[in-house]
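Residue numbers (this note's numbering), protein chains in the order written: chain Y, 4 to 356; chain D, 4 to 356; chain V, 4 to 356; chain C, 4 to 356.
Where hints are given, some of them may not hold.
Note that identical chains are pooled: a pair holds if it fits in a single copy or bridges any two copies.
Subject to a maximum C-alpha distance of 30 Å in a straight line, what follows is the list of computed DSS-like cross-link-like pairs (lysine-lysine) [to be verified]:
1) 77 / 215
2) 200 / 260
3) 321 / 77
4) 352 / 215
5) 195 / 77
6) 273 / 166
7) 77 / 166
8) 311 / 355
9) 260 / 195
10) 77 / 355
11) 311 / 77
Simulated from the structure, these hints should not be mistaken for lab results.
Number of protein chains: 4
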Amino acid sequence: MHNALGNFLTLTTFGESHGPAYGGIVTNFPAGLVVDLDAIQRDLDRRKPGQSAIVTQRKESDTVKFLSGIFEGKSTGTPIGFIIENENQKSKDYAHIAQAYRPSHADFTYDQKFGIRDYRGGGKSSARETVNWVVAGSLAKQIVPTFEINAFVSSVGDIFCEKPYQDLDFSKTEDNIVRCPDEATAERMIEKIKEIKKEGNTIGGTITCVIKNVPAGLGEPVFGKLQAELAKAMMNINAAKGFEYGSGFCGARMTGKEHNDLFNPDFTTKTNLSGGIQGGISNGMDIYFRVAFKPVATLLRPQESIDKYGNTIIVEGKGRHDPCVLPRAVPIVESLAAFVLADLFLINKLRKI
Amino acid sequence: MHNALGNFLTLTTFGESHGPAYGGIVTNFPAGLVVDLDAIQRDLDRRKPGQSAIVTQRKESDTVKFLSGIFEGKSTGTPIGFIIENENQKSKDYAHIAQAYRPSHADFTYDQKFGIRDYRGGGKSSARETVNWVVAGSLAKQIVPTFEINAFVSSVGDIFCEKPYQDLDFSKTEDNIVRCPDEATAERMIEKIKEIKKEGNTIGGTITCVIKNVPAGLGEPVFGKLQAELAKAMMNINAAKGFEYGSGFCGARMTGKEHNDLFNPDFTTKTNLSGGIQGGISNGMDIYFRVAFKPVATLLRPQESIDKYGNTIIVEGKGRHDPCVLPRAVPIVESLAAFVLADLFLINKLRKI
Amino acid sequence: MHNALGNFLTLTTFGESHGPAYGGIVTNFPAGLVVDLDAIQRDLDRRKPGQSAIVTQRKESDTVKFLSGIFEGKSTGTPIGFIIENENQKSKDYAHIAQAYRPSHADFTYDQKFGIRDYRGGGKSSARETVNWVVAGSLAKQIVPTFEINAFVSSVGDIFCEKPYQDLDFSKTEDNIVRCPDEATAERMIEKIKEIKKEGNTIGGTITCVIKNVPAGLGEPVFGKLQAELAKAMMNINAAKGFEYGSGFCGARMTGKEHNDLFNPDFTTKTNLSGGIQGGISNGMDIYFRVAFKPVATLLRPQESIDKYGNTIIVEGKGRHDPCVLPRAVPIVESLAAFVLADLFLINKLRKI
Amino acid sequence: MHNALGNFLTLTTFGESHGPAYGGIVTNFPAGLVVDLDAIQRDLDRRKPGQSAIVTQRKESDTVKFLSGIFEGKSTGTPIGFIIENENQKSKDYAHIAQAYRPSHADFTYDQKFGIRDYRGGGKSSARETVNWVVAGSLAKQIVPTFEINAFVSSVGDIFCEKPYQDLDFSKTEDNIVRCPDEATAERMIEKIKEIKKEGNTIGGTITCVIKNVPAGLGEPVFGKLQAELAKAMMNINAAKGFEYGSGFCGARMTGKEHNDLFNPDFTTKTNLSGGIQGGISNGMDIYFRVAFKPVATLLRPQESIDKYGNTIIVEGKGRHDPCVLPRAVPIVESLAAFVLADLFLINKLRKI
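Could you build all of it, start to finish, from the sequences and the hints given here?
Written out as structure tokens, the structure is:
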């Protein structure tokens, strides 16, 4: 179903940027789990706007309210409904774009598809939808607490974190506002974003996600391969343009002799170009993947565009927009990864007698 | 459901490399369509082994038999069941690998997941499963006959087709055995594959797919974005390691000013870094994406590995394997793209009154 | 998915009797429809407690808030999220049953299944969940406004409405508090319920639903037969014990010669024992079915029971319970029928080219 | 998805009466189970035509071929594909009905829905589809081998098996050709069917199914209630007109005081009007339900009808039709019940930590 994430553990969502609230329903969350609500709010806080000088200055408290499925601190096994109220809707801000088709936004495609759209703040196409995903993913993490899921910003524009992930200390990711665990690179990234912001411009980048301690066996042979489920989830993030896991696009330049991961006698592998997945199923090695994000389409500078009648207009973003989505996308990537893995973890329990 | 492709138009499949047959069921194929069975067989022939010197020399006729859903040449709207019988199973060939865990194969992960596996020819993990997808995708093409779906080999190892796709003549893709429409590049690719084959080695590469004439409106806002559905389908192909669309990973290095696609007054865009998709929904421009494939894991040369008990063994591929999957993957990519698009095309018909 | 109603048009829900709110998400509601919010509230008011002397005296305003998917009075095609806040939770009322297993309630089965349950007011097993269904069904009615869906109470205990439905005037259903359009029968039913209520007892009954103006073609051949979709929806209502359509259980006593519905030259049929459905697909004749409801399990009189440790206890309902669910179930039956039909109506649009 | 049975364990099917074969795919069957193929064929033999004097004399061997998912006698966890070839298609028999709309058949509705239909032997609307369900259900039984699932013919026309099911010896069901375990009643039923057959007429009846040894906990709270899943499955059987469980329609005439099932200290209940289900979840008591079947629509005597142009015609069944579907429907009811229960059994394993 194309409004749900997950196969057994599922998330269905609703919400628009300037409606009263976002929210969702998580189905098949197992009963009896002590739910750490603070951990969920912490993940939401990592995603929320207004955290630092390099993200949007919009203020939203992004407080989640759970409406069902949790009783006296424990999950009851029944659907978990939740909402996050929108607080900071300034609908007047958007009157000027009611008829406008902003470049590289979804205004035109929504009009074509639906014949109507909530134009305020991007409506349904707003990335604010991801607030739902963080709630659900943070819940999902609690099903698989031993999995270590760490995403970080691995590039901003042409500035890349050159170290292999094995040389990074993920406990430092939150130490800087760009969420790159390599301090020197982080500083350059922050400088770059500030510079870009000053120009009213925006910039893209990549996020790398590393997942340790996943047992072998997760993923399904056909149409439910672990990498396909991850790719689907990640490519639903608003600005995502690409996904690769393990050797990725580099692997396409290699020979089999170079690329094959030879076994150790303990069933680990000497190398891990496979990215922890063989035949769509986890093999117990680290799972790692990378997601490419395009630069934000809203610029704080004038751009020529057209309105819905084909008239030439000038559009210009006002006030509170992200010059770079990467820092705030880190918890989103982690949350989606957690949800995909928890879903496949549960399913895998039923796959042999 | 993790054994199905598609949301409304769906494909469910079965089959193992050395079982009696592959097959599948296509549900919700619309009634009343004159089905071109020859076109389907032609697509199967493009995928089948034994076509040329640079692919596996195994022989399979890969003849599809339709068992339901088509009556007097027309679709009846009821489920279309089909099978492709396996002809060339030499199970004895595989006795030597019953206990072996081949490097970068799914032997170990299947054993971990299921505790049992059909080890003959890779069993369920064999890429022969894609024969089902070609049947279904070729059927799906007939739902959207005006969409022009052209995939081609855009790189083999370090040899890239450097021309932008706009400069290529897709009618030439089938003119050479590697399926690259640029003849000069094709020759170099073929040379490279022959050389690699001689060494008993294998090589990776990329396939680019371009889809023209897709109307605006296909794709769903959340969890059903067009790029996510494409990514999911492509990342289920056995050797796929990465997916990008439009500007892809290059887009992650750009600024918003460079990346935004400005509108023309007729609602087309001056550039198309978006790859024909905005907000998860097609905008009428060309859709294009690229899939990375790792080199085939089976080498015709000895590799050190282990068996299921952790003993060191030597594995060596015998006889009939692809040195490079790219040429045969071209129709697979096209078929999956067709299926995804036909599914979203049907769904889109219901999205406004 | 076992927390969703519908195949294409879907409803996912959440909520417990004494949590903060009920709610749900309707996916794939078509864009561009002017949504009549008053009509939805009217249906909710028909279901709500406290309407008359023969239903529970509990007070809930049951006001629905739409949180997304409707903009400037029209559906936008995006998911419609809604909540109904619970107002009248007196959780203290239920402390005495935290450990109790009430007869013919779900206390024991929930504990067995989940190992934990929200015991307040039945928690997830409360029929208050149906408030969600009325919202969704009332929305669905607006997709198929020409379908005339009329349910009514056709029996209470041994008091049956003996007239064939063709002799009833459905405009009179709302004229009495028991919702039987035959005034004389209604009076007897009301008397019966009052008498039963005085004893602290409860009583069962049946609801008949008649649907006119459904075009031929709705329903899918296998596993999606119209009668099966209706049965599934109805048998999910909390007290439902049986479902029959057309001739139903009476038809099982007949011969083919008696039962066959012969055609008129205009493709209508002379009789309609088929209940408007042939081969799982509507034929344009009236669809009618009947649902059996058991008596409410909560009695306002002492019953012997056990607690979760197997100790004998006395349970006794306090205060505000329905002596008979039938009157309030009428809008629930209509809503579910509307949802099922709207779903199949949309699907049917795609089933031929 | 409306071409699938089950939520986690799923069956997708295809096939038409006079096509080359029926078949299906069972997904998520657990790995490692020794599959008893003979037991499956025995169930098929119980359903097949030509078994006795009171069913159709058509001959079909109904031999199932498994094409995947079973290796060296054990399930591998991968999709189980199977086909049953049609042997006895006499398409010429049906030429006379190509344009005919037979009374109470699906000819008219299929034409309305799809604009085309395979008219041979009812095509997709033929009850021969149930051959697929018996294969899948018989497989499913092997997931839950301790569940005792016994269906039997409880009425034919006005002849009812009056004994409560507790007084019946299910080991005798197969001792007579009508499949009623009460020998005296069986004889009367057989007489009745023979008499009806002589007249070229047909007759309806009911099947009761009793399931013992089901643990508490199966079924999901909302939209996945055990009774709703059973009802949906049963109401998909071609001639089914009604479904009731536990007290069923009789329960609708009772008061709460009569109907409530009081607990014993060991958590069993003194009575079982609930039919083994509370709040949609099994409680460990016997599950029992009853399905009503209408008389077969095909009569071996002339009936007035119309053709697709509205012309009056005479239709008359030829040769080989069931005068009463009940005896052959017994294994179908059992198979569907087994499939529903095995699906919910697997799901239930994941519902608490």
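Comparing the hints with the structure gives:
{"no.": "1", "hint": "77 / 215", "in the structure": "within (27 Å within a copy, 33 Å between copies)"}
{"no.": "2", "hint": "200 / 260", "in the structure": "between (46 Å within a copy, 12 Å between copies)"}
{"no.": "3", "hint": "321 / 77", "in the structure": "between (44 Å within a copy, 28 Å between copies)"}
{"no.": "4", "hint": "352 / 215", "in the structure": "both (19 Å within a copy, 26 Å between copies)"}
{"no.": "5", "hint": "195 / 77", "in the structure": "neither (45 Å within a copy, 44 Å between copies)"}
{"no.": "6", "hint": "273 / 166", "in the structure": "within (19 Å within a copy, 38 Å between copies)"}
{"no.": "7", "hint": "77 / 166", "in the structure": "neither (41 Å within a copy, 47 Å between copies)"}
{"no.": "8", "hint": "311 / 355", "in the structure": "between (56 Å within a copy, 18 Å between copies)"}
{"no.": "9", "hint": "260 / 195", "in the structure": "between (40 Å within a copy, 15 Å between copies)"}
{"no.": "10", "hint": "77 / 355", "in the structure": "both (29 Å within a copy, 11 Å between copies)"}
{"no.": "11", "hint": "311 / 77", "in the structure": "between (50 Å within a copy, 19 Å between copies)"}
Hints 5 and 7, counting from the list given before, are not met by this structure.
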